[in-house]
Amino acid sequence: MKEFAVELRDVVKKFITPEGNELNAVDHVDMQIRNGEFFSMLGSSGCGKTTSLRMIAGFEWPTEGEVYIEGKPMGHTPPFQRKVNTVFQSYALFQHMSVYQNVAFGLEMEGAQKEEIKKRVMRALEMVQLIGMENRRPKQLSGGQQQRVALARALVKTPDVLLLDEPLGALDLKLRKEMQLELKALQQQLGITFIYVTHDQEEALTMSDRIAVMSKGKVMQMGSPAEIYERPRNRFVAEFIGESNFLEGQIKSLSANEASVFIPALNAEVTGTPASEGLVHGEQVFVSIRPEKIHLTEHSARLNTFEGEITSTVYIGSNTHVVVHIGDVRLKVWEQNRISRLEPSSFYTIGQKVDLMLMPENTLVLKKD
Amino acid sequence: MLKRLRENKSAQGTLLALPTTIWMFILLILPLLLTLVISFGKRSPDGEVIFTFSLDNYIRLLGFSSDCAGGQASCFDPLYMQILGRSLMLAFNTTVIVIAMAYPLAYFIARADPKRRNTFLFMVLIPLWTNFVIRVYAWMMLLRKEGAINLIIGTVAHWLGINFVPLELLYTPGAVLVGMVYEFLPFMILPIFTSLEKIENSLYEAAADLGASPFKTFLRVTLPLSMPGVVAGTILVFIPVMGTFIVSDILGGRQYILVGNLIQRQFLDARDPAFGSAASLILMVMTLIVTYFYTRKFGFGEEIVAA
Amino acid sequence: MNPHRRSPFILVAMVLVYIFLYAPIVGLVLYSFNASRTNVTFEGFIPSFSGRVVMDGSLVKSAPCGPFHWYCDLAKNSDVLEAAGNTLTIAFTAIILSTIIGTMAALALQRYEFRIKPFTQLSLYIPIVIPEIVMGIGILTLFSQFFGWFNGLLGLTGDARLSMGIVTVTISHIAFMVPFVTLVVQARLQGFDKAYEEAAMDLGANEWITFRRVTFPMILPGVLSGALLAFTLSLDDFVITFFTNGPGSTTLPIYVYGLLRRIITPQVNALSTVWILIVFLAVLLLQWIQSREAKPQH
Numbered sequence: 000m001k002e003f004a005v006e007l008r009d010v011v012k013k014f015i016t017p018e019g020n021e022l023n024a025v026d027h028v029d030m031q032i033r034n035g036e037f038f039s040m041l042g043s044s045g046c047g048k049t050t051s052l053r054m055i056a057g058f059e060w061p062t063e064g065e066v067y068i069e070g071k072p073m074g075h076t077p078p079f080q081r082k083v084n085t086v087f088q089s090y091a092l093f094q095h096m097s098v099y100q101n102v103a104f105g106l107e108m109e110g111a112q113k114e115e116i117k118k119r120v121m122r123a124l125e126m127v128q129l130i131g132m133e134n135r136r137p138k139q140l141s142g143g144q145q146q147r148v149a150l151a152r153a154l155v156k157t158p159d160v161l162l163l164d165e166p167l168g169a170l171d172l173k174l175r176k177e178m179q180l181e182l183k184a185l186q187q188q189l190g191i192t193f194i195y196v197t198h199d200q201e202e203a204l205t206m207s208d209r210i211a212v213m214s215k216g217k218v219m220q221m222g223s224p225a226e227i228y229e230r231p232r233n234r235f236v237a238e239f240i241g242e243s244n245f246l247e248g249q250i251k252s253l254s255a256n257e258a259s260v261f262i263p264a265l266n267a268e269v270t271g272t273p274a275s276e277g278l279v280h281g282e283q284v285f286v287s288i289r290p291e292k293i294h295l296t297e298h299s300a301r302l303n304t305f306e307g308e309i310t311s312t313v314y315i316g317s318n319t320h321v322v323v324h325i326g327d328v329r330l331k332v333w334e335q336n337r338i339s340r341l342e343p344s345s346f347y348t349i350g351q352k353v354d355l356m357l358m359p360e361n362t363l364v365l366k367k368d
Numbered sequence: 000m001l002k003r004l005r006e007n008k009s010a011q012g013t014l015l016a017l018p019t020t021i022w023m024f025i026l027l028i029l030p031l032l033l034t035l036v037i038s039f040g041k042r043s044p045d046g047e048v049i050f051t052f053s054l055d056n057y058i059r060l061l062g063f064s065s066d067c068a069g070g071q072a073s074c075f076d077p078l079y080m081q082i083l084g085r086s087l088m089l090a091f092n093t094t095v096i097v098i099a100m101a102y103p104l105a106y107f108i109a110r111a112d113p114k115r116r117n118t119f120l121f122m123v124l125i126p127l128w129t130n131f132v133i134r135v136y137a138w139m140m141l142l143r144k145e146g147a148i149n150l151i152i153g154t155v156a157h158w159l160g161i162n163f164v165p166l167e168l169l170y171t172p173g174a175v176l177v178g179m180v181y182e183f184l185p186f187m188i189l190p191i192f193t194s195l196e197k198i199e200n201s202l203y204e205a206a207a208d209l210g211a212s213p214f215k216t217f218l219r220v221t222l223p224l225s226m227p228g229v230v231a232g233t234i235l236v237f238i239p240v241m242g243t244f245i246v247s248d249i250l251g252g253r254q255y256i257l258v259g260n261l262i263q264r265q266f267l268d269a270r271d272p273a274f275g276s277a278a279s280l281i282l283m284v285m286t287l288i289v290t291y292f293y294t295r296k297f298g299f300g301e302e303i304v305a306a
Numbered sequence: 000m001n002p003h004r005r006s007p008f009i010l011v012a013m014v015l016v017y018i019f020l021y022a023p024i025v026g027l028v029l030y031s032f033n034a035s036r037t038n039v040t041f042e043g044f045i046p047s048f049s050g051r052v053v054m055d056g057s058l059v060k061s062a063p064c065g066p067f068h069w070y071c072d073l074a075k076n077s078d079v080l081e082a083a084g085n086t087l088t089i090a091f092t093a094i095i096l097s098t099i100i101g102t103m104a105a106l107a108l109q110r111y112e113f114r115i116k117p118f119t120q121l122s123l124y125i126p127i128v129i130p131e132i133v134m135g136i137g138i139l140t141l142f143s144q145f146f147g148w149f150n151g152l153l154g155l156t157g158d159a160r161l162s163m164g165i166v167t168v169t170i171s172h173i174a175f176m177v178p179f180v181t182l183v184v185q186a187r188l189q190g191f192d193k194a195y196e197e198a199a200m201d202l203g204a205n206e207w208i209t210f211r212r213v214t215f216p217m218i219l220p221g222v223l224s225g226a227l228l229a230f231t232l233s234l235d236d237f238v239i240t241f242f243t244n245g246p247g248s249t250t251l252p253i254y255v256y257g258l259l260r261r262i263i264t265p266q267v268n269a270l271s272t273v274w275i276l277i278v279f280l281a282v283l284l285l286q287w288i289q290s291r292e293a294k295p296q297h
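Chains as they are written, first to last, in numbering that gives the first Met the number 0: chain D, 0 to 368; chain U, 0 to 306; chain V, 0 to 297.
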């Protein structure tokens, strides 16, 4: 077995828009997806994630570059000759066939024996807990059940790679959360590669071993959920995943793991960690810090500590969301409610002066574009 | 008054549907009932209807003639059964040929580039909406001894040095078949197209993804899902072919008689409305039976509205 | 997989079917320029214009309208003009009435539950599943029996008697047009979100204003395409008209049918060509309405 289940090498897909313009739906994308991993492509609609998936499945062919499956270049190999299977966003269940017939369809195409088909179909239906529904038509099933049929229909083919195109998009929130955990468990149990397309960052973070964050046809960052969240490499990723405060400034000193940035709005220097590649001395940059990573303290005089005034406070149960102004600079701060906030003398009131401490390892220095 | 109507939803519905319902009752249900009543009647010497209850007209249609050579009381005359059989066969043949011609075209249009799809459809609508009589006339011109078909074959034969006697194409059963196929082809193309167009692309992709070749995808996915269109088209073709009399009248000559011609002549030439009514009811019952069994087997699609 | 890949078989089949569809029409149009009066073989175009028609045997050598001789002839043919007038009068009258009552019925069937609903629905489906000739002779019988009874009752004689004519044709046309209008409008109503009407009522509009200002404008494209469809059905109808017309109510299809059984001059072809041209424009109009409907409105 090769190390990479699927590889995209310098893949470009051009489309002609209805207005007649050329559009790079996928723009020079490189991706290596390891065998057995749960890999997600995350981005908003039109970012190229679905097109990338469809090129792996074989529904589209790259305009430039090449898709490799198990190390073999795919060229114009049609979908029915690829060892990958897809769970469609719309499920694409055949309405004129029963659940059983839908799941058996792919095995019949392989020319499997009747007994063999029956055994494998029942095993697949068992896996997705649909025993007893074999003779129903897809229309007679709930959304969640239809989703399971689509899953069973793809899995029964024992693909090397399972492609999932927003498979949970049509389900309600509670069912979606359940299915997320089920899918993850199923993937670990089967040990096959899942490539999962979603626009839901929480979904991607929950399920994936690795995530590719995409925008405008390009991969913005690829890495584990923690890497993506803790070390976003650019402002897009920092903003798209979670929330962040951004301060504009200029690099005053720079080493491999520390940078000092002068923030004009604070009229002070902030020490942080270089997160983007290729930062240079004197460059205009963003300093990014997540709201939950700012410490609110009472007067202390340590590194990266600034005095501010609380201008708004919202209690949301597990956390308190506080807005602090340092001069004209507005910072969001989320404090976990480890202590009871029942008492009126609780910590935060509007107008209160507080010190904010930005830990250098959580204060990220990012390139401006 | 207005307030009560506002609250009575059922009365509102009845009021809205009433004009149409009355109209359809007077001009559809009532005539059909009248046809039924008259079919049990007799012809008076001056071509009027005598209302009575007699099964003579139906017995005559079934082939038991009371007008026999040699003074017999009754004898078997299969003339009307032959006409019925001929009409059924023609309707069947026309439908089969039309499906064979319409399906590839509908498939082509449904899978064409969306921008060009409308143009292709437009090209189907033009012959469809060109007048029925004019379309028969067009074939009359093509099929004549001096017509384009003989002209083309003759020219080719001349080049090849073969002696060619123009074919008698007009006034043959073949001419009627060609005319019927031409008249009703668009009625098959449109519903098949509609059902093919409704198939989502992701279904083709799913079939390919599961290992089906294009041919197998066609057999297992495309064809079954387009059956409602074929059924609707069959109804739109089979029923009118059974009742049409112009095509056979103009392309088949006086000798080629279908049920439609038979009925028409009873009303306008032979002046025997009672017998014509009986024939008309037999025709209606025959088409209803065929439609009923056919749709029960294959289901009845909403595609019928599309054409 | 390239979704637009097609097999050569389909391509060849498509070309052949289109040729089959258009060859007769092309022939028809070509012969409308025939110099030969008998129209048996194509003798070339009428070569030149002149003050009056010059004939050589059955060949037209020159004419005031040149190649368009038969079209000019057609324009002077009072029978054709009368038939065209009848056809349009019938179609316009029938379209107005059938659109109004058909739209009402569509609203009733789509929105309300009422006792006669199954009967209404059935009566709208029957014309689709019975041959037209059955309906035609049924209506003929109804009118002739009714007129016979009525004329006898009032002792009417001569021209005072009720008889078949433009009125019976129009009434009968409405009967087969209404089902189509209703089906098309009903299909349109199916996609109609009731929230629009609820919003209007919420904002203070009563039922009638809601219908006039909200519902009707929104279903108008459906009503228009239903009306246009029914209109072409009326123009095209032969069978029903054949059985319900009388003296002075000859329509174009009936007129052409009559000609086919007598001598055929290229005038028939000219008439057919004009007709095809009108149909072409009507279909174009219908497509335009539908494409406007399909586009999102801003």
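Some clues are possibly wrong.
As the list claims (entries may be wrong) - Non-contacting residues of chain D with respect to chain U, defined by C-beta distances greater than 10 Å in every case (computed):
1. V83
2. N84
3. A153
4. V279
5. I309
As the list claims (entries may be wrong) - To spell it out: a stretch of chain U is covered by chain D in this simulated footprint if at least three of its residues, at any positions, have a beta carbon under 8 Å from a beta carbon of chain D; those stretches are:
6. 17-23
7. 148-154
Rather than coming from a laboratory, the hints here were simulated on the basis of the structure. Heads up, the beta-carbon is just placed ideally off N, CA and C, and yes, glycines get one too.
So, going through the hints one by one against the coordinates:
With 10 Å as the threshold on Cβ separation, the claim that V83 (chain D) sits away from chain U is violated: the shortest Cβ distance comes to roughly 8 Å. At roughly 6 Å, the least C-beta separation between N84 (chain D) and chain U is not larger than 10 Å, which violates its mark as non-interface. For A153 (chain D), the non-interface assignment is contradicted: its Cβ lies about 8 Å from the closest Cβ of chain U, within the 10 Å cut-off. Remark: the non-interface label on V279 (chain D) is consistent with the geometry, its nearest Cβ contact in chain U lying 47 Å away (cut-off 10 Å).
With a least CB separation of 52 Å from chain U, I309 (chain D) remains clear of the 10 Å interface cut-off, as annotated. Closer than 8 Å: that is the beta-carbon criterion, and the stretch 17-23 of chain U has 0 residues meeting it against chain D, so the requirement of 3 is violated. A count of 0 residues in the stretch 148-154 of chain U with a Cβ less than 8 Å from any Cβ of chain D is obtained; the coverage claim is therefore unmet, three being the minimum.
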